[in-house]
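Asks: Single-letter residue listing:
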Amino acid sequence: MGHNLNKAFKFGIGMALAAGLTSGAQAADDKIKVGFMLPYTGTYASLGNAITNGFKQYVAEQGGKLSGREIEYFTVDDESDPAKATENANKLVKRDKVDLLVGTVHSGVALAMAKVARENKTLLIVPNAGADEITGPLCAPNVFRSSFTNWQPAYAMGKVAAQKGYKKVVTLTWKYAAGLQSIDGFKEAFEQAGGKVVKDMTLPFPNVEFQPFLTEIASLKPDAVFVFFAGAGAAKFVKDYAAAGLNKTVPLLGSGFLTDGNLDAMGDSGKALQTTLHYADGLDNKKDQAFRLTYAKTYKMQPDVYAVQGYDAAQLYGAGLKAAGGDVSKQADVIKGMEAAKIDSPRGAFTLSKAHNPVQDIYLREVQGGQNKVIGIPTKALADPARGCKL
Amino acid sequence: MSEIINPGLAATVGTPAAAGEILLVAERITRRFGGLVANQDVCVTLPRGKVHVLLGPNGAGKSTCINMLSGDLPPSEGTIHFMGKDITGLSAAQRSQVGIGRSYQRTNIFPKFTVLENVRLAAQSRRQQPWRIFSRAMKQQWALDKARACIEEAGLGAKVDWIAGVLSHGEQRQLEIAMVLATDAQVMLLDEPLAGMGSDESARMVEVLKRLKPSRAILLVEHDMDAVFAVADTITVMVNGQVLESGPPAQIKASVAVQQAYLGQEDSFHV
Amino acid sequence: MSSLNSTIFKLAGLALLACVPLTGESFYVELAAKTLVLAIFAMSLDLLVGFTGLVSFGHAAYFGVAAYSVALLSPKYEAASLWYVLPASVGLSALAALVVGLFVLRTKGIYFIMVTLAFAQLAFFVFHDTPLGGGSDGIYLNVKPTAAIAGWVPFDLDNATHLYYFILGALVVVYAFLARILQSPFGRVLVGIKSNEHRMQSMGYLTFRYKLAAFALAGGLGGVAGFLYAVVFGFVTPELLSWHQSGNVLLMVILGGMGNLVGAIAGAFVFTGMQEVFGNWTKHWQLVMGCVIVAAVLFMPGGLSAVPGRIKRALQGGGSNE
Amino acid sequence: MPAGQGTLMDFASFLIQMLNSLQYGLLLFLVASGLTLVFGIMGIINLAHGSFYMIGAYLAFVLTSATGSLFLAILLGIPLTFIVGAFLEWALFSHLYKREHLEQVLLTYGLILIFEELRSLLVGDEVHGVDIPAIFSASIPLSDVLSYPVYRLVISGVCIVLAVALYFVIQRTRLGMMIRAGNHDRTMVEALGININMIYRVVFALGFALAALAGMLAAPISSVFPNMGSHVLIISFVIVVIGGIGSVWGALIAALVIGFADTFGKVLLPDYAGMVVYLVMAVVLLWRPEGILKKG
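Chains as they are written, first to last, in my numbering: chain A, 1 to 391; chain B, 392 to 662; chain C, 663 to 984; chain D, 985 to 1280.
Fair warning: there could be bad hints in the mix.
[What the hints assert, rightly or not] Taking lysine to any residue and the SDA-like style, the derived pairs with C-alpha atoms no more than 25 Å apart in a straight line are:
no. : chain 1 : residue 1 : chain 2 : residue 2
1   : C       : Lys945    : D       : Val1046
2   : A       : Lys271    : D       : Ile1124
3   : A       : Lys248    : D       : Val1138
4   : A       : Lys97     : C       : Met962
5   : C       : Lys770    : D       : Arg1164
6   : A       : Lys297    : A       : Tyr73
7   : A       : Lys271    : D       : Phe1120
8   : A       : Lys330    : C       : Glu687
9   : C       : Lys945    : A       : Gly64
10  : A       : Lys33     : A       : Arg69
11  : D       : Lys1082   : C       : Trp943
12  : A       : Lys248    : D       : Asp1115
13  : A       : Lys97     : C       : Ala957
14  : A       : Lys168    : D       : Ile1237
15  : B       : Lys476    : C       : Leu868
16  : A       : Lys373    : A       : Ala349
17  : A       : Lys221    : D       : Leu1137
18  : A       : Lys56     : C       : Gly941
19  : C       : Lys945    : A       : Asp304
20  : A       : Lys248    : D       : Phe995
21  : A       : Lys168    : D       : Phe1120
22  : A       : Lys31     : C       : Gly686
23  : A       : Lys97     : C       : Thr685
24  : A       : Lys97     : C       : Trp943
25  : C       : Lys770    : D       : Gly1027
26  : A       : Lys248    : D       : Gly1027
These are computed hints drawn from the structure, not numbers from a lab.
Could you build the full structure based on these sequences and the hints that come with them?
Replies: Here you go:
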């Protein structure tokens, strides 16, 4: 028996070493190494793919090169699993030694990535996760974001709600950072303008049994409801809300993710829903039209906000590289270039705040004919307050 | 079979105990399974130095009775006393600790362990020191000595290091006896210890039982009539979960009721 | 002879593991460190599954409790003392296991599997939902614990090499501890319970107490792994307590062949090895992983440690058709 | 509930919340009933049960898209899942009966990974909606602002019908007799010349079909999304544990209890809502370690 054990033991070590050898770095020194750490399986897989597509589209538009340097991609599926986040980030940073780390969707994973990036001084662009901390208390010279903070769209919606004359609002969200930070942003703007949030309700992520909360909303009879949900859960919420008849008497307001990538799933229930986000359908902007056309041709599907954020991550890096003359070893120059860049984004041009978050227009959108049509710009060039950032 | 008195056994076999002292008394114990009454108002008294045999056709409730005495099944009604103390509410493990040991009808051992380890575990149960997690079990000499002595006593001395699972059926029954012995049981509840044994093995087991008898009370469920009449001091005949008749072997042999109800069916009834 | 070989191979394996930091590849050192942590975790579960016969499907709870304890007990911007947080977090996870054990050990078989799972979910939600745990995004451990004793620093956990050897040392200690326990009267009782609990009871063992002790012990050792994990990665999230983690560690134990400490270590290496190889190979690596698992169950009863024997038998033409 | 607590919850809201509990509980029952049958009768622990639910929901999406009708999708889906279930039993699960629970855990854990990846390969990772059939798309007004979707009531109705049907099958039919006998003593059933393998195949296929049906029915109100099975799986485990393995009635009672605890937990103890159902389970286990109703 002892004999067998030890064979097994050797086998195990052999496997581990084999794993090491097969995945060893095979760097080509002349290429710039870009590492995508994004979800390619699980709930957020389609978001990860859209971001990757957007990034690659920009690079392809530049002839496959940025500042004359070819790009080599490394990918790691982060599975949206924070438990594996540090290890996955280290795969790209320590094993593959990438020059730029791009990721991710899930806020918890992104926080772990930011930690790895800070410790290893690797350049990081967050192409989605909106956790306020990344460009707030945890901001760093080498950490950038091409998307938004949770605070931004929600703050804009708070202003909208006040403008519409609502006085009494109830909020509902999943109890996690993205949701709670959105609620805070909404509340800040809404209560500044004289409104009152009468009740904050939360449920554990990713629980989708909303019925008890709808009953509660009905008994509170607020002027409006502000929610933060995303993806499948958002689709279910919107459907439940309509089925309960609440949409007829209590307007539903949300951060834009409520209606992004899931309009097909919510069907008629989503009709006329108003949300705020830094991107919308039907923007009157040439860049957007060109972007959408190319994207649709290349990937045989319509782009969404995630694709835009991926595209802009590439633009942002491109600007940095240009400033450094394509020399990634001059990281300080790359960073300076990125900080100074004015990005001609499909969402409309934006610059970066001191904390490295986009200063951007937030659109008010309405669901019309299966699209999030822009109907107004409640806040122009909105900057995240970046509380706690010492940059 | 040698006449060696093993050191480990000396303490238990040779205990100068008052023969005839009543060790176990079960009064009107009853067990129901849903609507089915498996045992009704069974009374059993086990004095030291005597062998009490339970007889009865299959399904008469003998095993249920043993299970209630050993604590494997709680009785629905009735009380069980051990040396004057009420033990009705005690679990099987607790009853083992007070001095009631049993063997099972279907062989119930640790098939992957050696014979020695099977019995050593039984011996170890008498002095449990679970907090001593850094001492080595194989260096507890007292338990090893006792285990070897009990194995010898049960007639398995030649197979101490065998894996229990590969022993013959009869040998596994002997192993069970050794395990009961190793727990210092004052009351031994033996469920068909001779089942499946060859005549040599049976004879040896009967010898073992006779030798154990003086210092203990033994309850035996057995079908082998030769063995029964060779060792029994008292016989209780059960039918349909109830006691039909109880008394010395001669009385049972003479009983018409027993003849009709049970012995009549057994063509092997001869002395 | 076999046992001589056995010792030689164990030492050779240990020597091989001790050489890993010499490669200087920080990623692989960290990967190996993580695998060693998982190996400790797998050994702790093996005490329950392989030696006591208790199939716990919620072992990640104790791993997670210890990991969270480190994060919660450490001051935000200063180093906590290793000599305080290590015993405290291990103690807390053992305590959690003791309390859960009081409930779950009242059940058996399938119930036990499901109830351990459900209690692990309960623990998951404690850290996920209540103000204690910091929600689904987890908590940072900003500064690793310091090993300083009255100003003297024997080693520095911030140094990857020191940390690696610390973990390797922990592995050896846990292995020796478990191996020793299994030789003790206590350990023999656990193995007896696995083989035939009913008989153990009829021989006078109050098996519940032994199982409870084993459950708490395994929880505490799982806590050692959880502690190390938190120190290696500096980040804890409720996912550490999720049922996928419980499933993964169970998988490692089974891959290595239950009831076999070296096997559990090998299982951890094979598991991370498979994750690495398949993960680099295809986006749909979980499909491959799933197929490997299913095939392993159907065609490889007894785990990896049984493979050499099976191959030998097959080569001799006497292969079993199990 | 006394009127004095009106600030917390008025009486009308309380009644509506009760309705919510009932409706949620019944849907949970539908998923858990298949699980408890497979557990209790075959002694198999099946982690892939949540995947069966997911498969059902995706089938509803795919078939509804193809046929244009949820009814047709369900009509096609039930026999389809039944056949797939029978096939899985033949190919995989039939090898597990004499294996340890551990190996069952492992194999079904592997199946989860396989099913999720196959789903990703075949249908993709997007979120999809399934339309509520037009005739059930209305809502019934319950208060001046709140109405109750008819489709939810329909689901509850279907669940009740299925519960009664299951009871009838198990208590009154020959198949049910064999199932109950198999539940108690496998060797005895075999001795009577009954083909236990066939019974097991049918029971497993039935369990699969029930879980898939739950997924199909729930698809219009829950949407269809990756990993949707895993939450359902754990909650079903809790229900089976509380109800007693193998007891369909126990599962029904437990599902209603959980529906109640979850609904009111969310409203009254939002910080602890995730834990409420597990705490209920812990209390039940203290009281009755084998569940409210033992199997049988």
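Asks: Let me make sure I understand: some of the numbered hints might not hold for this structure. Which ones are they, in numerical order?
Replies: 4, 11, 13, 14, 21 and 26
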